[in-house]
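Peer 1: Using the sequences and the hints, build the whole thing.
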Amino acid sequence: MRLFILLTLFGCLQATASSYGQTVSLDLRNESLEKALKEIKRQTGYSFIYTRAQLKYALPVTIQLKDGTVNEALDYCFQNQPLSYTIEDKYVVVLDKSGKKETKPDQTIDISGKVADENGNALLRITVTAVKSKKSTFTNEKGEFTLKGVLENDILEFTAVGYGKVEIAIGKKAFHNITMKLVVGLLDETVIMAYGKTTKRLNTGSIGKVDSKEITQQPVSDPLATLHGKVPGLVVTQSSGVPGGSLKIQVRGQSSLRQGSEPLIIVDGVPLAANNQAINNQFSILTTSNGTSGLSPIANINPLDIESIEILKDADATAIYGSRGANGVVLITTKKGTVGKMRVFANFYTGWSKVPELPEMLNTAEYIKMRKEAIANDGFDPSTNRFDPGYAPDLLIWDTARDSNFSKMMLGNTSHTYNGHIGLSSGSENIQLFLSAGYNKEGTVFPGNMGINKISFTNNISYTAGDKKFSARLASSYSSAKNNLFNTSISSFLSIPPNAPPLYTPDGKLNWEEGGYYFNNPLAYLKRTYDAVSDNLLSNLQVEYRLSKGITIRSSFGYNSMQVSEKSIVPISARRPTNNPTGSLSISNNVYKSWIIEPQAEYETQLGKGRLDILIGSTFLQNKQNALSVDAEGYKSDNLINSLGSATSTNTLNVFSDYKYAAIFGRINYNWDQKYLLNMTGRRDGSSRFGSRKRFANFGAIGVGWLFQEEKFMQKLFPFISYGKVRTSYGLTGNDQIGDYRYLDTWTVDYYNYQGTSVLYPTALFNPLYGWETNRKFEAALELGFFKDRIYFSSIYFNNRSGNQLVDYTLAFQTGFSSIISNFPALVENKGYEFQFTATPIKSKKFNWSISANISIPSNKLVRFDGLSSSGYSSSYVEGKSLNLIYKLNSLGTNPATGVFDFEDIDKNNTISISKDLTISGKTDPRYYGGIRNTFTIKRIELNFFVDFKKQTGLNYLYSIYSNFSVPGFPINQPKYVLDRWQQPGDVTAIQKFTTITYNEAYEAKELLRLSNGVYSDASFMRLKTVSLAWQLPANIFKVIKTYDSKIFVSAQNFFTISSYKGTDPETQDYYALPTLRTIAVGINLNL
Amino acid sequence: MKYIKYLIPLLFLLYASSSCRKFIEPAPPIDRLSSDVVFKDVETATSAVIGMYASMMTTSPFIGSGGVTIYTGLCSDELYNTNTSNATLSEFTSNAISPGNSVVVANFWQEGFNIIYHANACIEGLENNTYLPIPVRNQLLGEAYLSRAFIYYYLVSLFGDIPLILKTDYLETQKATRTESASVYGQIITDLKNAQALLGTIYPTNERVRPNKSVATALLARVYLILRQWELAEKESSSIINSSEYSLEPDLNNVFLASSSEAIWQIMPIVEGVNTTEGLTFVPSSWSSGPPSFSLTSYFLNSIEADDLRKNSWVALKTVEGQDYYYPFKYKIGEYGMPVTEYYMLFRLAEQYLIRAESFARQGKIDESKNDVDIIRARAGLSGTAAHTAEELVTAIAHERRIELFCEWGARWFDLKRTKKSTDVLSPIKPGWQPTDTLYPIPIREIKYAPSLTQNPGY
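As you go down the protein sequences, you meet chains A and B in turn.
Quick note: the first sequence uses the working numbering, first residue 332, plus one each step.
Quick note: the second sequence uses the working numbering, first residue 1472, plus one each step.
No lab work stands behind these hints, which were simulated from the structure alone.
Treat the hints loosely; a few may be bogus.
[To be verified] No more than 30 Å apart at the CA atoms, straight line, and that leaves these computed lysine-lysine pairs for DSBU-like: (1) K1919/B with K1212/A; (2) K1892/B with K1025/A; (3) K1025/A with K1664/B; (4) K1782/B with K1025/A; (5) K579/A with K421/A; (6) K421/A with K372/A; (7) K1212/A with K496/A; (8) K1025/A with K1493/B; (9) K1836/B with K1239/A.
Peer 2: Here it is in structure tokens:
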């Protein structure tokens, strides 16, 4: 696979390189001079500065030149012309021959002008540079600028983030009206960074970006699900295919041994109160055995409201977040209104999802065979006597002619998705508005009427006062999601024997038995309802006032509240009636609230040939969590089950935490002549999560960049390179995902009481030295653009070292406790390479092909852990190896003689010890991962493929089979894989012999297998993540209203997967988790 | 003046950052309490102190709930374990305890220091406390001092020199080294005198499940006996015997009941349907067909005089497959799910009579001594002692203690050690006995994580 990517990369490079060159070839016959100059410009990238008037009297040219230099070509062109030329930097300035001496080189004039955008709105803080005079200034609120004493033959350059560069010759004109256009060129498009904006060109840090176009192409309802394979260094893992389920995201590997490694998630400047932790309190079908799953807090954000998602990775980009920046930062920015006439956006689609590969379970014939074989293996005979070891009512009492496929029945349905989103954007120069409303309904593949209903509203209002000194922006969004699911695990119904009795009795009730032998009716599981309603309110107000001389003060005020109410019911009807069952109810309410205030002051000035930008600010943040749950039991009637008062016993639990954070931060950014970039950031943090003696800490980073292709000698050496930058950064960030209150010496109330008085026990030591984990990040990168940036390539090396790890430190019991969580000089290293490549190999009016690809090659290592062998982690970690090491027993497979799993006795003491016979067999970290996107545009049709790939080792089906209490042979159904089992001496099989008892060798070996390397295998995959085909509607398709960029589309998510993985899904790695669904959607995207 | 407007944002930021320290103090958690909150309120402070008794009253034999009785009973000549395949128990019976023995590590050392931490945390919270009414503070602080002294008494008796931990700060306590036994006893006496000064003569609540001043006095009498300070032991025990609060239960079967009139301090069981851990451990369940887990040795049974009523009331017999197993029957409830009628006895009046009798005898006060011994003998249905000289009396009292206090908080094991008779008595009946076996080993784990600790000789 790696080879494939490299070939693709080089193939494209080569193909394009051959059509360009450092030299000029011209074949012109009687063509205008302008055409000749344009051709030279196209081939060399030189810009020409001339006026139409100058060319009016130019003579036609006839040139035949092969592989000439620029000078040669120009000399031909200007032969016999009334004009001459001169090369300044990379500009060719056309001069009147007669007037050549007219303007003396040292003659200066004062100029002024006004800069506006395409709509005529004045543009502020545009850098205006007189190239030769080496003078520059900014435009003011009215877009005006003045430069005194510039050379008359000078060239003016207008630059600003997000706008295309404009160059004009001054001539003798004293006043210039300039129009600048917003550009979407790769290098100059806006990239959101911490407390500001930058561009790919001027950025000194490592920021990955996914824009709204890519997000919109995917018919998914969770914004994180759009990030698979998009950004190098970012791993996104879906825990299950159940809608609303959480996705785990990790930036550049696991940096903490035992504490959290989730990136900080910030939406429009407001950190999400729940970050990316699962927000559910209760068990449901969302919960899978891999432990990372649950209800996602991010799923509440409508992807269609997102303008861009930026992933901040290196120290330069993240150190300004101080103790919260170690694991990277995800910035989500919502759409804003734009100046201009009102626009309406509408997006509707409907989709169908299915499980691509259903878990295949044994059919009745196979199941019966397994059961009979197991009983025979154990030396018993099938019997109907309950006390007989061979008791097998499923074989003897139940009808063995029935054959049900519960996998198909429970997971084989098609889920329907409906999505509607309407937005409105409008704005005058003073007020811009963006409003939107969305509705999303996503069904499930389970039987019945389950699924998620979501609504979302956003509004984004910007106001700028007439004098442009004051501005304010309010961005608010509210969303509510209602999940109707059920609260059992998938394995509970997949394990039902295929010859189970009919699900209904003849009188239409749920059936529970046949011949006195009971079974779990899968339909009863569906009655165990789980309902969750999550409401998310997020609001951010930013006010800004411009003092004079480049000083701006602003403050943002943010608020986020996330409230989740859950209700799980196990009604009496879901329980077997013979046991006189009662119903139970669990309700819980989980509320996260956070507010943030960030006052800031910014100063911008021109210093020498550079632009200096200084930002200082402070942060005040509070984050509270309040959870209450009540378990009520003993309901005698299903009609009363929603009332807590009718329960015979209730048990309540509440949890509370309060996190407070205050900090001051600063940034100094200096950009010398668009050539040399320096960025320094720092933050002093105070956090309530740290011990009393460690509350405050300093963090910071420095990043430098050199746009080397701006140097003349580089341009001469490599004229085909249009953009080149080397940058590097180093800095310190911290990880504060260490839990709240862990420094406190706490007392906990015990369940028991003494003489009716509750009792308190000390449960934690006072821990004043408990502090954050430190994370030192280094990065070096090379970015290159070729042929006017039609090819862009970047390669990054990073090395992050996380020390001061918080681990349980063993204490002598004389301290009163057995261990304390303590900072330890253990060191974890994450390093790797990230490559990104984009190119437009074919670009014409009718046909366009663009490709972008990225690959990350990470490596994780526990560099140092003093005293590891005497700690509680000695059988989990090994120094010098990855944290996600497979340090397990060495499985030798099924012993052909005995039919039982065998393991290597490494210490040769004739017993298998789960702590001493361990061997290192690989790691579960991805070896490499990435994505490739191809976009083809043929006239109005756009076809887009996105492939996501990952090379990794993971848990396989054997883990799912043998981590259960029941092993193959027990009266529960098993995956079809178990047919490859040992039957007689000499058999070499993946599965050991069937058994029905828990007290034999085979059963003991099952537990060992679970702790061995036998349950791991290759889980690499290459997935056609997204395919979309869109047809752009003609602008006049509706007679009354004009449309632009409107589309009808068909798109598919997870269309197919290539993998040798044994199991259902190499991503979830759990046979009993719902695999990632395949979705096909059709829709329309209207822009009016 | 020109620059004033630039100062505004700067001043604002300065103001903002100066208030940081105060700002980041989070609201306290509600599912847990932090130490500075616990001792500001009568209710929670009381909960913290009585939490010590609740944690002593575990349902398996730990240091506060029968562990001392059972394991020192095995080490001495009182008990043997009927299930010889249990290596952990057999190490006690054969006096060959390994430094990694899980009972020594968990039931004694870990649990003991856990309660010491609890007591220290209470003392730190109460010592300079101005939030609580003084009488409440005094009572609670007295209880904390007493509990600390009580646990230290057993730790020093079992292990000899031990780290003397009087603080909660783990940065200091993890460095603590072993303190000489004499100093530990010194600290115990200081704590008990403090407790005597702080505690009242009446019990703070109904029943005798939270200590009063007499409990401190009773333990002080015991400590003075060990330290051979006979006058002081006599004085302390007298003050209990002379108080009208306590009287010997005439019926031996009532001595260990919740309502026992001779109880000085009892701990009440806290788990519903469970009486005492000793009852659960010693008394075989009615549905069990096997022998009791622990059986009394013939050495002990043979030492009981023929018509001693204590044999009938406090010893029971179970015959399994023709073999007789006698087991301790002071606590009579061995079943789960029974109403709680028995409390766990920590101090009782009979012991104080025997302490005073010995103190008298050692001081040559023959008549006073005989008088006290005979009170105990009379209740057991026995005639007065035949001893006449001080020396004979000391021997007679030792016998009386052996019978009266058998299987009660290691009295026999500690008496043998106190009177330096362990080797004489145990070496003939315990193969492999070594004189160093009177002290338990310091757990190997502790030496690993507190490297300044040393091991006891013989291990």
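Peer 1: Hint compliance check: list the failing hint numbers for this structure, sorted ascending.
Peer 2: Failing hints, ascending: 2, 3, 4, 5, 7 and 9.
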